[in-house]
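Undergrad: With the sequences and hints as input, model every part of the structure.
Residue numbers (the numbering used here), protein chains in the order written: chain W, 1 to 124; chain C, 1001 to 1159.
Simulated from the structure, these hints should not be mistaken for laboratory data. Any given hint could turn out to be false.
Below, simulated DSBU-like cross-link-like pairs (lysine-lysine); rule was C-alpha separation at most 30 Å, straight line [as the list claims (entries may be wrong)]:
#: 1; chain 1: C; residue 1: K1025; chain 2: W; residue 2: K104
#: 2; chain 1: W; residue 1: K104; chain 2: W; residue 2: K120
#: 3; chain 1: W; residue 1: K120; chain 2: C; residue 2: K1025
Source: prediction; values computed, not measured.
Letter by letter, the chains look like this.
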Amino acid sequence: MSLLSRYLEGAGIPTVILGSAWDIVEYCGVPRFLYTDFPLGNPCGQPGDSSMQADIVARALSLLETATAPGRIVETPYVFTGTTPWRDRYLEINDENREMLRQKGEARRAERARLRAEGKVRTE
Amino acid sequence: MKDTNLPVPYMERTRQFYEAQGFTKAYAWAHFDDIPFTPLEKPLADCRLGYVTTASTYARAATDARFVDSGSMSSPPERLYGDDLSWDREATHMNDRSSYFPVGYLNAMVADGRVGGLADRFHCIPTEYSQRRTLESDAPEILRRLNEDQIDIALLVPL
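TA: Structure representation (structure tokens):
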């Protein structure tokens, strides 16, 4: 989405990204980014919290008005309400899943090779 | 590592995760020194908004080929799909459409006069490993559709 943001902006369309992967978006470099420190999957706010969601969307559109230079990143004040220590758990590698991940990788490479052989991957 | 309020280092986590799966070539994340910028040149109240998501209008597997797709904003689908994408299935869910596809709030902002209007359709951009494919194929196709929609601004929401 960061690449699209840059592409559209270069074509004369003001854009704003609303999301949670701060490092990926910041590293790429985009015109405007409203960041919420949430697990990936709910960029517009906590499920079930309509006032938070409406506010986040409103803040994103306000950023179109207030940003005067490229690379503007604004963080919302919201904290995710959940029961797991999600920051540490996401894509965690540990002794319990290490072998499973290795096997998953092998299966994935085999599947990709099969799809490629059958012409079921994008080529353009 | 403690569960602090620092942003999650997704690039590093992803690198380690795929390394653990036996992939030998680390993904080179997109990076540019320059950033394009188009100022907003008229009031939001006079702007027509286009919406783009990385979610899809139909369920697909991670290995399915992905293509640019579009759906209706005026009679939007009850949900979008992200089964093929990387997001935190353990911490959260996609059962509340408004948490990733805020069409209701956008309609309310139009009704309030805060935004001029919405395009009749939204667009789905595929998340592709190949940055060339995104830049040379999918982004131009999204731009073509947004120009057809005669939008002034774009709200981009990755899962």
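Undergrad: Which numbered hints turn out to be false for this structure?
TA: none
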